[in-house]
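Colleague: With the sequences and hints as input, model every part of the structure.
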Amino acid sequence: METFVVAGGCFWCLDAVYRTLEGVQDVVSGYTGGSVPNPSYEEVCTGTTGQAEAVAVTFDPAVIPAEVILDVFYTLHDPRQLNRQGNDVGTQYRSAMFYDGDEQKALFEAALERASELWDGGIVTTLEPLGEYYRAEEYHQDFFAKNPGQGYCMAVALPKVNKVRKAYAKYIKAA
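If you're matching positions, the sequence shown starts at 51 in this note's numbering and goes up one per residue.
Please keep in mind that the hints were generated in silico from the structure rather than gathered at the bench.
Quick caveat, the model's predicted, so the values are computed rather than measured.
There may be inaccurate statements among the hints.
DEER-style ranges, computed between Cβ atoms [stated by the list, open to error]:
#  : residue 1 : residue 2 : range
1  : Pro-209   : Ser-166   : 28 to 38 Å
2  : Thr-96    : Lys-223   : 32 to 42 Å
3  : Tyr-202   : Glu-153   : 30 to 40 Å
4  : Thr-108   : Tyr-202   : 22 to 32 Å
5  : Glu-72    : Gln-200   : 23 to 33 Å
6  : Val-139   : Val-113   : 34 to 44 Å
7  : Glu-187   : Val-139   : 29 to 39 Å
8  : Cys-95    : Asn-212   : 22 to 32 Å
9  : Val-113   : Ser-85    : 31 to 41 Å
10 : Gly-140   : Glu-187   : 11 to 21 Å
11 : Thr-176   : Gly-199   : 31 to 41 Å
12 : Val-139   : Ala-224   : 35 to 45 Å
Once the Cα atoms are required to be at most 35 Å apart in a straight line, the calculated DSBU-like pairs of lysine-lysine come out as [unchecked claim]:
#  : residue 1 : residue 2
13 : Lys-196   : Lys-220
14 : Lys-196   : Lys-213
15 : Lys-196   : Lys-223
16 : Lys-223   : Lys-213
17 : Lys-155   : Lys-213
18 : Lys-196   : Lys-216
19 : Lys-155   : Lys-223
20 : Lys-220   : Lys-155
21 : Lys-216   : Lys-155
Don't be surprised by glycine CBs; every beta carbon is placed ideally from N, CA and C.
Modeller: Written as structure tokens, this is what we have:
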């Protein structure tokens, strides 16, 4: 098993998308990249903790290649938006990949290079060393599945899930 930690807007969207993929064993919404230890969602939302809303995606590379996990990341959010995704604004919504060691860093750099060929304009995704990862509150875990009719899920998360389902159909879990 391998675990990648990525941030690209609200973690509800990232969580919802990655849970649809074959080979993904676990997705944990959380916070990383900042200076405040064990922050609450409310603290992170202030934008003063330095923490990003992120997901830790644990997957089996024998089932789904690491490159696909990373390419999905660049499919489901716009890596050209600095410290935001749509109406979600602040450093907590930044586009970032948090690497754990040189091997992951190299994989992340290669993914960023592939993405730069697909997106017009400069990609602002940062590559940051993975520090402490703090699990978000329980109600954030698998939020989309627990709240499918919630407005944000319908307007923002569902289109991202559908976009990835279409682009990566061969990796989508059977219903």
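Colleague: With reference to the structure, classify each hint as holding or not holding.
Modeller: Results for each hint:
1. Checked against the hint of 28 to 38 Å, the C-beta distance between Pro-209 and Ser-166 comes to roughly 23 Å, which is inconsistent with it.
2. Roughly 36 Å separates the CB atoms of Thr-96 and Lys-223, a value that falls within the hinted 32 to 42 Å.
3. Evaluation of the 30 to 40 Å hint for Tyr-202 and Glu-153 yields a pass: the beta carbon distance comes to about 35 Å.
4. Distance hint check: the CB atoms of Thr-108 and Tyr-202 are about 25 Å apart, consistent with the given range 22 to 32 Å.
5. For the pair Glu-72 and Gln-200, the beta carbons lie near 26 Å from each other, so the given range of 23 to 33 Å is met.
6. The hint said 34 to 44 Å for the Cβ distance between Val-139 and Val-113, and at roughly 36 Å that hint holds.
7. In this structure the supplied range 29 to 39 Å is violated for Glu-187 paired with Val-139, their Cβ-Cβ distance being about 21 Å.
8. Roughly 27 Å separates the CB atoms of Cys-95 and Asn-212, a value that falls within the hinted 22 to 32 Å.
9. Checked against the hint of 31 to 41 Å, the C-beta distance between Val-113 and Ser-85 comes to roughly 36 Å, which is consistent with it.
10. Checked against the hint of 11 to 21 Å, the C-beta distance between Gly-140 and Glu-187 comes to roughly 18 Å, which is consistent with it.
11. For Thr-176 and Gly-199, the Cβ-Cβ distance of about 34 Å falls inside the hinted range of 31 to 41 Å, so the restraint holds.
12. Distance hint check for Val-139 and Ala-224: the Cβ-Cβ separation is about 37 Å, which falls inside the suggested range of 35 to 45 Å.
13. Simply put, Lys-196 and Lys-220 have alpha-carbon atoms about 25 Å apart, close enough for the 35 Å limit, and the pair holds.
14. Between Lys-196 and Lys-213 the CA atoms are separated by roughly 20 Å; this keeps the pair inside 35 Å, and the hint holds.
15. The hinted pair formed by Lys-196 and Lys-223 meets the criterion: a straight-line CA distance of about 18 Å does not exceed 35 Å.
16. The hinted pair formed by Lys-223 and Lys-213 meets the criterion: a straight-line CA distance of about 15 Å does not exceed 35 Å.
17. Simply put, Lys-155 and Lys-213 have alpha-carbon atoms about 26 Å apart, close enough for the 35 Å limit, and the pair holds.
18. Restraint check for Lys-196 and Lys-216: satisfied, since their Cα atoms lie roughly 23 Å apart, inside the 35 Å limit.
19. A hinted pair counts as satisfied when its Cα atoms are at most 35 Å apart, and Lys-155 with Lys-223 qualifies at roughly 28 Å.
20. For the hint pairing Lys-220 with Lys-155, the CA-to-CA distance comes to about 26 Å; that is within 35 Å, so the pair holds.
21. A threshold of 35 Å between alpha carbons decides the hint, and for Lys-216 with Lys-155 the separation of about 28 Å falls inside it, so the pair holds.
Checked against the numbered hints above, the structure breaks hints 1, 7 and satisfies the rest.
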